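Colleague: Spelled out from the first residue to the last, the chains are:
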Amino acid sequence: MMPRLGAVLLMLAVLAAPLPAAAQEFAGDLDPVPHDFSDRDDVVGMGTVSATLSGTTLTITGNFTGLSSPATNAHLKMGLAKGVPGATIGELNTTHAAKGEISGSVRLNSAQIAALKKGALYIQLDSVKGADGNSWAWLEGAERPST
Amino acid sequence: MKSMRLFATSVAALSLFLVLGHAQGQQQAAGVFAPGQISAGQREYLENCAGCHGNTLAGANDSPALAGPGFMQSWGNRTTKALYQFISTAMPVGNEGKLSAGTYADITAFLLSANGAMPGDRPLTGNTEVRIAGIANGQVPADIQKGLAPAEAAARRPAPTSRHGLTVGGTVANYAPVSDAMLTHPADGDWLMYRRNYQGWSYSPLTEINGQNVKSLQLKWSWAMNEGGASEVTPIVHDGVMFLSNTSNTVQALNAKTGELIWENRIGPDATVAYGGTRSLALYEDKVYVATTDAKLYALDARTGNTVWHVEIAPPPKGETGGVMVIHGKVLVGMMGCDNYSTVNCHISAYDAETGKQDWVFYTTARQGTPGGDTWNNLPDTQRAGTDTWIAGTYDPDLNTSYWGVAQAKPWMRASRKTGGASVLYSNATLALDPDTGKLKWYYQHIQGESLDLDEVFERVLIDHGTEKSLMTIGKDGVLWKLDRADGKFLGAKQTLFQNVFSKIDPKTGEVTYRPDIVNQKTNEWVASCPGPEGGHDWQATSYNQPNDLIIIPLSQSCVLMKGRDVDMKVGGGGTAASQLFYFMPGTHRNMGKLVAYNTKDMTEAWSLQQRSPFLSAVVSTAGGVAFVGDFDRVFKAVDVKTGKILWQTRLGNTVQGYPVSFSVDGKQYIAVTTGLGGGSPEQKPTTLLPEVHRAATGQQLYVFALPD
Chain A
1 MMPRLGAVLL MLAVLAAPLP AAAQEFAGDL DPVPHDFSDR DDVVGMGTVS
51 ATLSGTTLTI TGNFTGLSSP ATNAHLKMGL AKGVPGATIG ELNTTHAAKG
101 EISGSVRLNS AQIAALKKGA LYIQLDSVKG ADGNSWAWLE GAERPST
Chain B
1 MKSMRLFATS VAALSLFLVL GHAQGQQQAA GVFAPGQISA GQREYLENCA
51 GCHGNTLAGA NDSPALAGPG FMQSWGNRTT KALYQFISTA MPVGNEGKLS
101 AGTYADITAF LLSANGAMPG DRPLTGNTEV RIAGIANGQV PADIQKGLAP
151 AEAAARRPAP TSRHGLTVGG TVANYAPVSD AMLTHPADGD WLMYRRNYQG
201 WSYSPLTEIN GQNVKSLQLK WSWAMNEGGA SEVTPIVHDG VMFLSNTSNT
251 VQALNAKTGE LIWENRIGPD ATVAYGGTRS LALYEDKVYV ATTDAKLYAL
301 DARTGNTVWH VEIAPPPKGE TGGVMVIHGK VLVGMMGCDN YSTVNCHISA
351 YDAETGKQDW VFYTTARQGT PGGDTWNNLP DTQRAGTDTW IAGTYDPDLN
401 TSYWGVAQAK PWMRASRKTG GASVLYSNAT LALDPDTGKL KWYYQHIQGE
451 SLDLDEVFER VLIDHGTEKS LMTIGKDGVL WKLDRADGKF LGAKQTLFQN
501 VFSKIDPKTG EVTYRPDIVN QKTNEWVASC PGPEGGHDWQ ATSYNQPNDL
551 IIIPLSQSCV LMKGRDVDMK VGGGGTAASQ LFYFMPGTHR NMGKLVAYNT
601 KDMTEAWSLQ QRSPFLSAVV STAGGVAFVG DFDRVFKAVD VKTGKILWQT
651 RLGNTVQGYP VSFSVDGKQY IAVTTGLGGG SPEQKPTTLL PEVHRAATGQ
701 QLYVFALPD
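As you go down the protein sequences, you meet chains A and B in turn.
Residue numbers 1 to 147, in the working numbering, belong to the letters of the first sequence in order.
Residue numbers 1 to 709, in the working numbering, belong to the letters of the second sequence in order.
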């Protein structure tokens, strides 16, 4: 009797437990950081970045090509709004070459998750010539428009 | 990416302090240019650069400062070789890379000298490479601070390439004077004013060219136009004659069917900068009216091209580019060139069409002691700059009201101009003026205290829905506005593309709330703006296709970081006073061009298309259900008005820039469009962001298309 009751209670507990939140997908294009004609050739290159928010962990993958100098660092950053640059909130891994990949995971707090959902988080890729930024990708949610 | 580029404004300011302090405190390195290069470079600078960057090297409009802290912030940590490379590949605008290597070296040497660098004993070349902050400290010599003498510049300038005055004589046969009734109800085949009708529609009732046959369009004739300057032209057509404004304030009359030149008047002065093109002429009775880039108003005999009268609108360095309009025998004209602090504030003025006698003046800068004069944070009138009107107005004959958009205040950023949170009337406002008296009937300010070079100056389009008499306009922020044009009441606002400048637009009043960091901006700190000064929407005007009740809008998708400078608060000081860095608008896949159609009644989007190159021409649509528009990468295309589907396109000689029109001669419909170069942000941003687009240094041209005979 008791084992059966225990099984029923366990089943009820499982059913009553909140379902784990579905992972949310984000993506963005790697575009040149703000520049003018004088340093245009220093910040070339393109690529894409994808990110998955599972719980509070944001897992990022991406690739890039066509940089005019080797990539050096990659960061997750948070701005005041989409398109408004801001501060680094996490470090990522990157290939140290003109073509390569970006990867890493960052645990976000509630404010950072809210910013992510507003489009205010972005990945910044640095390079030798673009030491303070070569490319960036603003992360957008599933409603991100296609080409 | 340059150092100090991003958000870290306090770090940026500290870095600047360290750079300058370090440079000033150290023994400067030996000179890297010869003494003779200073005078030679100054001469070339005056000839090739001063028109945009100014005689004090302080910069203006989109042209950055080339001396002082602004220059050192941008270039202090870079090398003389990089500076030479930049100048020799990107300058002068419109003639990039075309000067000799020696000339570029001399100009580079002059710029270094203008920033405190001392000469040495060997000439600078393109291979000379030292860190600029190591030889220059940003201290501008006194003679440059005072301004290089314009007389000296003029004396060194080569003689004009063309003589002025009536250079080709001829007579328009059977010219029919243009009456008030014709302006109010233009003949179907005519294009008598800037946007064709007083309501600003850019819509032709012609139907021969339609969605089914537009693919058969063929070139009928073409006409090479003046090179140099900025070409952003509207051909004006009346009774088979085309009146065409070229750069250098040249006006021509052409047979609109054959392209035969009838007369030409080279009014002058010749264009010396790739900026400030004349956008339109006006016709009234037997005269052609042109407001010149040096702020004079000319009346030419429409039959012969002879000058009948001319008057000064404002003293130099004011100018006029937006074009003129005629209402009840008065010529109404705006003004631009109000960047710097001056004893003359920007205004709209009216002149008797027959005699040129000034009738009235309305100051678009609210001056002390006048209504709205208390909205400039107590600045004296001489420190109230900007509020230019660089687009011609529209007119409602029933309400007898003329509508004008007013540009932003100057300097661009409120931190530079020291206006705090003041609204600075009548910047970025719609003005409703009585054309007979110049009296203000009402105004609506779209952005109070605008701070990021986001003008709301463009065409005011007058649209009726039953008893609703509305006015629609769209500015660089990409917000489409709808007002009641009888009283200025706000009726609606629609965001047509991504923007991050306003955190809120009040749905009842239209009042905008700026993002907090824009309100709290400081000089020498970067502030982000999407869209940036390219727009959103810029001078490339909309078309209102009345049968489908659609307004078709060319848009650009780019952003900037903008950094304002401190300015001299004295006459001659001020200016636009900000540096910019450009970037693609997030989420656009690097598509800078967007064409969108909105139903004007309920302001819902009907369709949109995006493409890599921005649209550099206005839109013209027709009763045949076709809209025409051209882009930065030389493509001129026709789209279905109802769907946006591309129906036809062709490649022209250079950027499709200007205001396409449609007209008819002997019952045959034509489409005329110009290619052009020069201009501000709409040229500058794609030139930087789209390196794959290659354009010739010349190619200002008129093309006229029609169906096969």
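These are calculated hints, taken from the structure and not from any lab test.
Note that the structure is predicted; figures quoted are calculated from it, not measured.
Ideal Cβ positions, reconstructed from N, Cα and C, are used throughout, including at glycine.
One should not assume that every hint holds.
What the hints assert, rightly or not - Dumping the calculated BS3-like pairs for lysine-lysine here, alpha-carbon to alpha-carbon at most 30 Å:
#, chain 1, residue 1, chain 2, residue 2
1, B, Lys-645, A, Lys-117
2, A, Lys-117, B, Lys-494
3, B, Lys-81, A, Lys-117
4, B, Lys-504, A, Lys-129
5, B, Lys-668, B, Lys-645
6, A, Lys-99, B, Lys-645
Claimed, not checked - Computed Cβ-Cβ distance ranges for the label pairs, DEER-style:
#, chain 1, residue 1, chain 2, residue 2, range
7, A, Ala-23, B, Ser-608, 28 to 36 Å
8, B, Val-693, A, Gly-55, 41 to 49 Å
9, B, Gly-97, A, Ser-110, 30 to 38 Å
Colleague: Now look at each hint and say whether the structure bears it out.
Modeller: Against the structure, the hints come out as follows:
1. B:Lys-645 <-> A:Lys-117: violated (33 Å)
2. A:Lys-117 <-> B:Lys-494: holds (23 Å)
3. B:Lys-81 <-> A:Lys-117: Given that 30 Å is the threshold and the Cα spacing comes to 44 Å, the pair is violated.
4. B:Lys-504 <-> A:Lys-129: violated (38 Å)
5. B:Lys-668 <-> B:Lys-645: holds (25 Å)
6. A:Lys-99 <-> B:Lys-645: Violated. A:Lys-99 to B:Lys-645 sits at ~37 Å, over the 30 Å cutoff.
7. A:Ala-23 <-> B:Ser-608: 28 to 36 Å: The hint (28 to 36 Å, Cβ to Cβ) holds, given that A:Ala-23 and B:Ser-608 are roughly 31 Å apart.
8. B:Val-693 <-> A:Gly-55: 41 to 49 Å: holds (45 Å)
9. B:Gly-97 <-> A:Ser-110: 30 to 38 Å: Check failed, 53 Å falls outside 30 to 38 Å.
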